[in-house]
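Chains as they are written, first to last, in this note's numbering: chain C, 2 to 339; chain X, 2 to 339.
It should be emphasised that the hints constitute simulated quantities derived from the structure, not laboratory data.
Don't take each hint at face value.
A pair counts as met if it fits within one copy or between any two copies, since identical chains are not told apart.
Claimed, not checked - Calculated pairs, DMTMM-like style, for lysine to aspartate or glutamate (alpha carbon to alpha carbon, straight line, at most 20 Å):
#1 K183 with D285
#2 K79 with E25
#3 K228 with E303
#4 K228 with D209
#5 K6 with E330
#6 K79 with E264
#7 K6 with E143
#8 K39 with D209
#9 K79 with E56
#10 K224 with E143
#11 K6 with E56
#12 K171 with E143
#13 K79 with E104
Number of protein chains: 2
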Amino acid sequence: MQECKIAVIGATGAVGRVFLNILEERHFPATSIRLCGKNSVGTAFEVMGENITVEEVTPKLLSEVDLAFISATTSVSKEVAPMAAAQGAVVIDDSSVFRMDSEVPLVVPEVNVEALETHQGIISIPNCSTTPLVMLLKPLDEINPVQRVIADTYQSVSGTGAAAVREMEKQSSDVLQNRPVKADVYSHRIAFNLIPHIGDFHNNGYSDEEMKMILETRKIMGKPDLKVSATCVRVPVSIGHSESVHIQLSNHMPVTEARSILESAPGIRVLDDPNASVYPMPIDAAGQDDVYVGRIREDLSERNSITAWIVSDNLRKGAGLNAIQIAEELLRRDLMHR
Amino acid sequence: MQECKIAVIGATGAVGRVFLNILEERHFPATSIRLCGKNSVGTAFEVMGENITVEEVTPKLLSEVDLAFISATTSVSKEVAPMAAAQGAVVIDDSSVFRMDSEVPLVVPEVNVEALETHQGIISIPNCSTTPLVMLLKPLDEINPVQRVIADTYQSVSGTGAAAVREMEKQSSDVLQNRPVKADVYSHRIAFNLIPHIGDFHNNGYSDEEMKMILETRKIMGKPDLKVSATCVRVPVSIGHSESVHIQLSNHMPVTEARSILESAPGIRVLDDPNASVYPMPIDAAGQDDVYVGRIREDLSERNSITAWIVSDNLRKGAGLNAIQIAEELLRRDLMHR
Chain C
2 MQECKIAVIG ATGAVGRVFL NILEERHFPA TSIRLCGKNS VGTAFEVMGE
52 NITVEEVTPK LLSEVDLAFI SATTSVSKEV APMAAAQGAV VIDDSSVFRM
102 DSEVPLVVPE VNVEALETHQ GIISIPNCST TPLVMLLKPL DEINPVQRVI
152 ADTYQSVSGT GAAAVREMEK QSSDVLQNRP VKADVYSHRI AFNLIPHIGD
202 FHNNGYSDEE MKMILETRKI MGKPDLKVSA TCVRVPVSIG HSESVHIQLS
252 NHMPVTEARS ILESAPGIRV LDDPNASVYP MPIDAAGQDD VYVGRIREDL
302 SERNSITAWI VSDNLRKGAG LNAIQIAEEL LRRDLMHR
Chain X
2 MQECKIAVIG ATGAVGRVFL NILEERHFPA TSIRLCGKNS VGTAFEVMGE
52 NITVEEVTPK LLSEVDLAFI SATTSVSKEV APMAAAQGAV VIDDSSVFRM
102 DSEVPLVVPE VNVEALETHQ GIISIPNCST TPLVMLLKPL DEINPVQRVI
152 ADTYQSVSGT GAAAVREMEK QSSDVLQNRP VKADVYSHRI AFNLIPHIGD
202 FHNNGYSDEE MKMILETRKI MGKPDLKVSA TCVRVPVSIG HSESVHIQLS
252 NHMPVTEARS ILESAPGIRV LDDPNASVYP MPIDAAGQDD VYVGRIREDL
302 SERNSITAWI VSDNLRKGAG LNAIQIAEEL LRRDLMHR
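Bound conformation, chain C alone (with noise of 0.2 Å):
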């Protein structure tokens, strides 16, 4: 591996701080780290045992260093990606705003690796719902071709940031006490609630939420005309975002040939012994690095379908931890040039 200088846009947000940690967890060799977060700049944070002050984002500093992670506002995506690469850093950007062009490779490296190669110095990470769906779909998708998804989504609050999980814990405690409950970040109450409402909605019906998970995940599967549905709600939990997910095959595959293959694909942990009451939670998730993967059954109502019931951490393979391993696979491979 080579090492390299490195720049975290959007450091003091929620997936920010998660990204930090699994910098130090996992020994990235940067040789260099700026920090840049718009409402705390002159803060100093210890990372990998050093004080780092956070700096406003400048060309400058982006001149100044190999890679850029972006995992901010929609708005500062759009701006500081094209500056970045403008000057000569590779971007991992974890912003709706790229995912879908088609210069921009939209990468699980689990899943889709390969679609580095041809990067023009903008990488996106997909949404956080769309990377544990297509890592669970992409081993069976190998031995058996998936034809048609559903997927229903419990989504934890930590995905829309920070201040969504004080609300929660704001609301649930003033619902315990009967006091008044106040909803500023979410349309609604989310304490003891359920809010099927993620991000804006389409002419369609769907939210914009709902259309990533259809449209990304068959620009990462390659299967541009694979047939996607998702619902998304969210769900009064602070980490890990819940999947339950109806998988049509091209052909009939046995629940044990679905298991062990499950078994043994990389990033996934099968729990699934519900008779021991084993199966995936968000509170085993969260921290975890794998997607945990249970309840796999044969979907009653189609011969070759599967169901199965997904968890994983949204702020680690759902975001930070995804960006990692792309920039170890840019390093591995040689890919930090264009």
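Given chain C, work out where chain X should sit, using these hints.
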């Protein structure tokens, strides 16, 4: 309507209390009400302005009533329902014990009220997740036969009972205050978590709750071969079961047609203006009689399929209200004999 003498078995449980409220709200023409509840014999409750003392359930008591509502445990239903029927009472039972018995009508009045006509003394009401599902399916099926259904549920803790609501609240408070968390009612902590486990598991990997949804839906719809799949998940919500439902019809149905069919369907309230943040949510459905339906849209994975999001009060339409509506129909149709 005739008047009648009723007994409520399980009067002090989560469903029982709601049941008594609904009796009052609907001015149910009971000439006398007897209350039975294993753990509260001797306690007095005010019902319809009268103070009523909880009694032990005996053949003598049952011989003195026309109608017995049972919502207690499976073993209470197993014991008391045949005893009441033998004494000449008509039984409306909320347990799963008799639901699949070919001699027992399984009834949602809006869907298959005609099934009451052949009752033999015991009538079952469906599982609280099945009832809203068949209410959604039936009006569509009448116009365009339903071929396949996939339902993923988000079920509230009150479906388990009052102790589960208390446990969720206690656990939530403990989590918020960083205290150790104890799980008694469920196998795992439910506060800020999800548990994909409702009922025991069958050999095919489906939970009992999932198999109930599949088998009961077929029976109520009168479609023994209907293709149905379900995944049932417990969520940290007090009252209100939600479901993401994918319905494959025989022919294409425009979304506008589906919405207009549902808008005029009995017991359904369409709440579907997502751009204005209007869609069904548990906090709104709790305490309401109607099944709330929203997020109605074409299923993008299959041309003839419609997707929707439904929420209903599991204690009301899912249990107590449905039972009382059945009793009202028995009186209206003069079916209090055998």
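Verification of the hints:
Taking identical chains as interchangeable, the C-alpha atoms of K183 and D285 lie at most 20 Å apart only when they sit on different chains, with a minimum of 16 Å there against 29 Å within one chain. When the C-alpha separation of K79 and E25 is checked against a cutoff of 20 Å, the pair qualifies neither within a copy, at 28 Å, nor between copies, at 60 Å. Taking the shortest alpha-carbon separations for K228 and E303, both the intra-copy value of 15 Å and the inter-copy value of 7 Å come in at or below 20 Å. Only within a single protomer do K228 and D209 lie at most 20 Å apart by alpha-carbon distance; the minimum there is 17 Å, versus 30 Å between protomers.
Taking the shortest Cα distances, K6 and E330 sit within 20 Å of each other inside one copy (16 Å), while across copies they are farther apart (75 Å). In this assembly of identical chains, the alpha carbons of K79 and E264 never lie at most 20 Å apart, being 39 Å within a copy and 42 Å across copies at closest. In this assembly of identical chains, K6 and E143 lie within 20 Å of each other by CA distance neither inside one copy nor across copies; the values are 37 Å within and 65 Å between. Taking the shortest Cα distances, K39 and D209 never come within 20 Å of each other, neither inside one copy (25 Å) nor across copies (51 Å).
When the C-alpha separation of K79 and E56 is checked against a cutoff of 20 Å, the pair qualifies only within one copy, where the shortest distance is 19 Å, while the shortest distance between copies is 70 Å. Taking the closest pair of Cα atoms, K224 and E143 come within 20 Å of each other only inside a single copy of the chain (12 Å); across copies the shortest separation is 36 Å, beyond that limit. In this assembly of identical chains, the alpha carbons of K6 and E56 lie at most 20 Å apart only when taken from the same copy (15 Å versus 77 Å across copies). With identical chains, the CA atoms of K171 and E143 are never at most 20 Å apart, being 46 Å at best within one copy and 46 Å at best between copies.
For the homomeric pair K79 and E104, the shortest alpha-carbon distance inside one copy (15 Å) is at most 20 Å, but the shortest distance between copies (66 Å) is not.
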